[in-house]
Structures are given as C-alpha cells and as structure tokens.
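Peer 1: Letter by letter, the chains look like this.
Protein chains: 2
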Amino acid sequence: MLRDKIPSGKERLYKTIGLAVVALITIFVILNNTGVTSSNGLISSITSSVTTQDSKTADGLKQPAPVSPKKYSGHKEKATFVTLARNRDLYSLLPAIRSVEDRFNRKFNYDWVFLNDEEFSEEFKRVTTALISGTTKYGVIPKEQWQLPDFIDKEKAANTRKEMAEKGIIYGDSIPYRYMCRYESGFFYRHELMADYEYYWRVEPDVKLYCDIDYDVFRFMKKNDKKYAFTISIKEYAETIKTLWETTREFITSHQEYINKNNMLDFISDDEGYSYNLCHFWSNFEIASLDLWRSDAYTAYFDHLDKSGGFFYERWGDAPIHSIAAALFLDRNQIHHFDNIGYYHPPFHSCSVDEDVRMKNKCDCNPADDFTWKSYSCTTKFYTVNGLTKPKNWQIYAD
Amino acid sequence: MLRDKIPSGKERLYKTIGLAVVALITIFVILNNTGVTSSNGLISSITSSVTTQDSKTADGLKQPAPVSPKKYSGHKEKATFVTLARNRDLYSLLPAIRSVEDRFNRKFNYDWVFLNDEEFSEEFKRVTTALISGTTKYGVIPKEQWQLPDFIDKEKAANTRKEMAEKGIIYGDSIPYRYMCRYESGFFYRHELMADYEYYWRVEPDVKLYCDIDYDVFRFMKKNDKKYAFTISIKEYAETIKTLWETTREFITSHQEYINKNNMLDFISDDEGYSYNLCHFWSNFEIASLDLWRSDAYTAYFDHLDKSGGFFYERWGDAPIHSIAAALFLDRNQIHHFDNIGYYHPPFHSCSVDEDVRMKNKCDCNPADDFTWKSYSCTTKFYTVNGLTKPKNWQIYAD
Chain A
1 MLRDKIPSGK ERLYKTIGLA VVALITIFVI LNNTGVTSSN GLISSITSSV TTQDSKTADG
61 LKQPAPVSPK KYSGHKEKAT FVTLARNRDL YSLLPAIRSV EDRFNRKFNY DWVFLNDEEF
121 SEEFKRVTTA LISGTTKYGV IPKEQWQLPD FIDKEKAANT RKEMAEKGII YGDSIPYRYM
181 CRYESGFFYR HELMADYEYY WRVEPDVKLY CDIDYDVFRF MKKNDKKYAF TISIKEYAET
241 IKTLWETTRE FITSHQEYIN KNNMLDFISD DEGYSYNLCH FWSNFEIASL DLWRSDAYTA
301 YFDHLDKSGG FFYERWGDAP IHSIAAALFL DRNQIHHFDN IGYYHPPFHS CSVDEDVRMK
361 NKCDCNPADD FTWKSYSCTT KFYTVNGLTK PKNWQIYAD
Chain B
1 MLRDKIPSGK ERLYKTIGLA VVALITIFVI LNNTGVTSSN GLISSITSSV TTQDSKTADG
61 LKQPAPVSPK KYSGHKEKAT FVTLARNRDL YSLLPAIRSV EDRFNRKFNY DWVFLNDEEF
121 SEEFKRVTTA LISGTTKYGV IPKEQWQLPD FIDKEKAANT RKEMAEKGII YGDSIPYRYM
181 CRYESGFFYR HELMADYEYY WRVEPDVKLY CDIDYDVFRF MKKNDKKYAF TISIKEYAET
241 IKTLWETTRE FITSHQEYIN KNNMLDFISD DEGYSYNLCH FWSNFEIASL DLWRSDAYTA
301 YFDHLDKSGG FFYERWGDAP IHSIAAALFL DRNQIHHFDN IGYYHPPFHS CSVDEDVRMK
361 NKCDCNPADD FTWKSYSCTT KFYTVNGLTK PKNWQIYAD
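Chains A and B supply the protein sequences, listed in that same order. Note that our numbering numbers the first sequence so that position 78 is 78, with each residue one more than the last. Note that our numbering numbers the second sequence so that position 305 is 305, with each residue one more than the last.
Here are the in silico distance ranges between beta carbons for each label pair:
1) B:Thr129 to A:Pro346: 21 to 31 Å
2) A:Lys71 to B:Asp296: 44 to 54 Å
3) A:Glu123 to B:Lys261: 45 to 55 Å
4) A:Pro346 to B:Arg88: 18 to 28 Å
In short, the hints are calculated from the structure, not lab data. Glycine included, C-beta positions come from ideal geometry on N, C-alpha and C.
Construct the complete structure from the given sequences, taking the supplied hints into account.
Peer 2: Next comes the structure, spelled out in structure tokens:
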C-alpha cells in the first residue's frame, strides 16, 4: 500500500499540517461568528452574493454583496437620544437624525426616545425607526403636563401673549411654545420612557452635526464626571424673562443648601448675583445627566419657578432655566463645552476654529461661520471664568 | 532527562498542539493586518485605549478607544469621483463630499479627482483630503481648454452675452460658465488624471445624497453594461441652445455610422428627430463610462459642435450635449435611472416615492419634494419610452 511507503517522520509532518489547517479553519469560523468579521464586506459577499438575485436594480451574482453595518457590541452607558416632536416635524427631523447617526450613533447604536403631546403617527414611527440604528421608543406626554396649570390666571396669561405679540417678540403669542418650554424645563426627564436612563442627548428638527465623533460621548461624560455639556451659548431676550432672576434669587435666599460650593455664578452674573447677564447654554443641543434634573435641588427650583407663573405670565425658556440651575447646583468642573462636535441649529453654527480639530474629525463646516467666539456668544466668558485654554486663533474669529 | 519521560506518541501530540497554536496566532495576526478586524472597535480598543492618554478631551484609559473606520479591501472598479471646482467653492463643497462619503464612499474608498482652472490652494487640498476616504488628486486645466478658441469671433460672442443679459437668461452673460460647459462637454475626460479610469461619478458643490448605497455602484454599472446613469432629468431653456439640434442633425446626417441601432431618440425627440424636445439628464449628477466620451462617435460629435461655435455664440450646456450623445450613440438599455440613491441639487430633489425603497436605504428626504414624476421632469418619458415599470404610487406625486 502507498501508505506504507511514507516514512513515519513525514507522516508526523503531514498530520501536523493537517491539524494546523483544521485549527486555521476553526479560528476563521470562530472569528466570523463573534462579529469579528470583515468590515469591508469581503466575508459577507461570499454568503450574500449567492442569495441576492435581483439583477435589475442590483445584479446580485455579479456585484459585491451589500456592505451591511455591524451592531456595536462594546460597553454602553444608560443613555438615550430624546426628541420632542410633532408628527408634522417628521421630514425636518430626518436630516437631523441622519446627521447624528452618520457622525456618532451608527457606531454606538444608542436608543432614541420620541415624545409628543399626541400619539405619533404610524408613518412617523416607521420612518424614524428605519433611520435609527438603536432602539426607538415613542411616548405621549401626559395631558396635565401640556396645558395651563390650575394656578395660572388665564386672563393674565392672555394679556401677556397679546402684549408680546404687539412687541413682535418671537413666539410671544404662542401657547404651545410655552407648553414646550415648561415641559423641557420640568417634565421630559420624568417621562416613564426616560426612567431607565442616566444620560440623554437632546436633538431637535433641522439641526446638524459637523464632525465625526468616534468615541462614546456618554462614556466621556460619565468617566469625566460631566453633568451638563453644550456646544453653543448665547444671551437671552430680556423681554421674555423679566422676573426670572428675581424669582431665582428668592429661591437662592431660601435654599442656600442647594447652591454648590464651587458653582459657576460668575458665568451667569457679572455682579455676583445681583443681576442675570442673560448668558445661557443653547438647549436645543444638550448632553446631560438626568440626575441633575431629578435632584432635590432642581425639583424644588422648578416648582418654585412654576408656581410663580413665569412660563405663562412671561415667556420663560428652558434654556436659561437649565443654564441657571447647572451654574448654581453643579460644580463648575461638571459643565463641559464640546468644541470638537460641530453643531448647527439655525441660525447659529459651532465650528471649531482649530483646523487640527476640524481635520481630525472630518468636519464639513466653515470656521468663518463659527459663533462660539463672537461677542453675542457667552462661550468666551465660559472659558475665561473657568480658566480654560481657548483654541489657538480664536481671536481671529471673534468680533 | 525529563524529555525521555514523555512517550513519543504524546510528544507528537504536543508538537501538533504547539504548531496549531502557532498557526492560530499567525492567522489572528494576518487577519488583523488585512483589515479583516472587528468593525465595532473591539480589537482596536485593546490596542488604542492603552495609547490614548488624553484625559481632558477624551479620557483614553476610561472610555472606549475611537471606533476607527476600516479601509475597503474588496474588488474595486477603475473609477473615480470627479469635481470641477474653484478654491472659493471649498466650504460649499464639504457638505457634498461628506454626504457622498457618508452614504457611499466611506464603504468603498474610491479616488476623487479635483480639477480647477488655476492651482488648488493648500487649504483646499488639505481639507478635502481630510474628508475623503479614497485617494485625492488635484489637477489644473490646460489653459487652451479654458479660453476662447481661435476660431471664435470675440465680437459675435460678446454680442450674444449682451443680448442674453438683457433677456435675463441665467449665466447668459458669463464667460467662465461657458468655459465650464465646454470643458465638461469635451475635455474633463481627457485630463491626464482621468487617464487611469473607466468610470466616473460627477459631484458638484451643494449637492446631497439622500439614501444609503450599500453596494458598489461602479461595479453595478460594469456588470449591467450601463454606460450612463442619472437621477434627475429636465427640459432645457430653449433660448440657450437655439441651433444645437440643427447642428446635431447635420452631424447625424453625415455620420449615420455612429448612431446606435437601438438608440433612444424617442426620449429626446417627440417627432422622430425633426425637433429636440429639450429633455436632458441633469449632468450635475453623472455616473458614467469614460469610454462613451472617448469614443470616435462622441469625439467627432463634440468637434462638430465646438467648431460651430455654439458654446460661445449661444450658451450650450454640457447636459443637453451629454444627453443627446448618450441617446444617439448608446443602446437604450445602457442608460440607467437611479431611483434608489436620492439626490438634491438646488432646487430639485430626487426622492423615491416608493416608501420601501426609502426605508430600506435609510433615505432622509421627503417624497413630497420629489421632482422625478413632475411634468417639467422628463423621467416619466424615460420610463415610458423604455417600457420600464414606474414605482408604485408615482401618479400621486405627479402634477
């Protein structure tokens, strides 16, 4: 027999090679089954191109199989995107969702919570779910959180809207806008769909992210003990918050225990608290800890503000309220400015003036449009009062 | 000696295991070095998180390492993106580039050729290269291809521009626009940087792709023998091409040999060639074969048109010229309409009216904006003359 002709030494070699090949194949199979597969579709093309037979729109047998995205399987924080929207906002929301998915979420697949004062349409749910790589959840806002509270004098509120309309103050005559500001100020974080989460990233229609975010920003928040992060800061319309600061001062006086020892009062007041300088973080973008709003301090603060009626007798926005609370209740080191994300919400742009940052993160924005260091922005003050290093060349983009 | 204590049978086994382990490690290393690594950053996080030490902007040790994109290493066609741009177009070009990278090129890493009538600035090269996943190339257009040819009567050309300006025809008084139309019609494919390629995808500033393209469109073109593909078709301004058709008819009469037996004359003429119906593919988007333009037929056709002076005595666009050539010289089956890409160039949108297509491809557009089936579009005619099946519900979006 031929076998007898093989010397035992060689026989051993052959067995070894044979076993090595088996090991090789085993490893290859294991790697494929643990998601550690080719990100360029090489492997999937072997399987998929056999099954894809559509030769009209995509000649399955002759073209590479679709390069399908892989699910993220690394560590994740208890975090979610959250969007307050109406059914009619669907198509102005899609580019914003795509931008967030493109630049960040397709890599991490975080959940997305949508809240509405009425039921979301099937189309809204179907289309947003199709675009989002994480789990989508749709909630309705409890009626009592989206109406005039009993303690509000309807006539007084109506007069305010009339006056503001005459003065041409934006949204001055809007009731829903006031419901929205009050909801974002005191209720969104109490919605049952938000109960499981520790952090949230607020997204609104028509926004855009300009740069790649290749790391988990929620993990960044947690590991660096950041509780509130912003991209753009600006001054509020004084007309809309005439009594907000005096109402806040009443609270501070009666609740010294809630004021953080290392607070950031110097960001929101230029005279040690006597007056509010109107500086606030633009809350259409927020990456923050839900615990901040769930705290006793903020709960008491919101109730105090709400009872005063300013949401309806004036037109208090959630931005100055969130900002004042963050500045008073947090350690100044817990508030973070993201210069590397790049953000747009009409009409303001955040586009790092540091070209290294823009190139490293593939930002598709024009630094000439950046609002960060302009005089009407408060971010220069944020860097100054916190002794942070401003990006090189920032003066070139200031006015 | 211990060695003697090991029975030869076991010794063989140990050697085998040892070799298997070596094989195992080898395979693992090879896989990592050929891009066949985890697409979810699992592997890179092992290496990267040790090296990333920046704890201020990204706490390297505590947050997952950056999820870095993997290079595509599958089969690729000889294809490139091509953009004619000026240095001042840089920032209006970036969102267009990002859109193409996001929806298609980050998965396939095709090259990108930029052409300009003057040297590209270092900033232009640096920033575009940072955003593009493929190799970028920058070329200058030969002077003789970007000026009035000797055979053009300067005074006659000037009079045309004056007349068109008075009639308020868009770009009617522009010389550079005419250089551009002539260059896109007869020269871009002859640039030395285009020599290595078989297919190109034309991209212009301010455009956007609305849907994911998870397969290689260039391979789709090749395997399906498509030579010209479009997303939007429309009717040309008659004023700008008064003598284009009669000049084309002269060519057809004298060059019957170039006319394809299965041509698509019925798309560009409603009276069997007597007159041009103004239908053309909107050439700011083109995925096409360079061989079409390099052919004897097109070379002769372009020369005939160029000599007639219509680029300067009128304001011939490259769109009707490319479209007429494709319709006459190609087999009608070699012309393709992409309904699944989704495309925007102000002011027109291509957004599939088929929701299944939009959801499958994560399109972030509003079908209500779709121009495809509107009366001023010629795509309905394209489907009709070619006996193609229109998407379901197309009538709902027609006007």
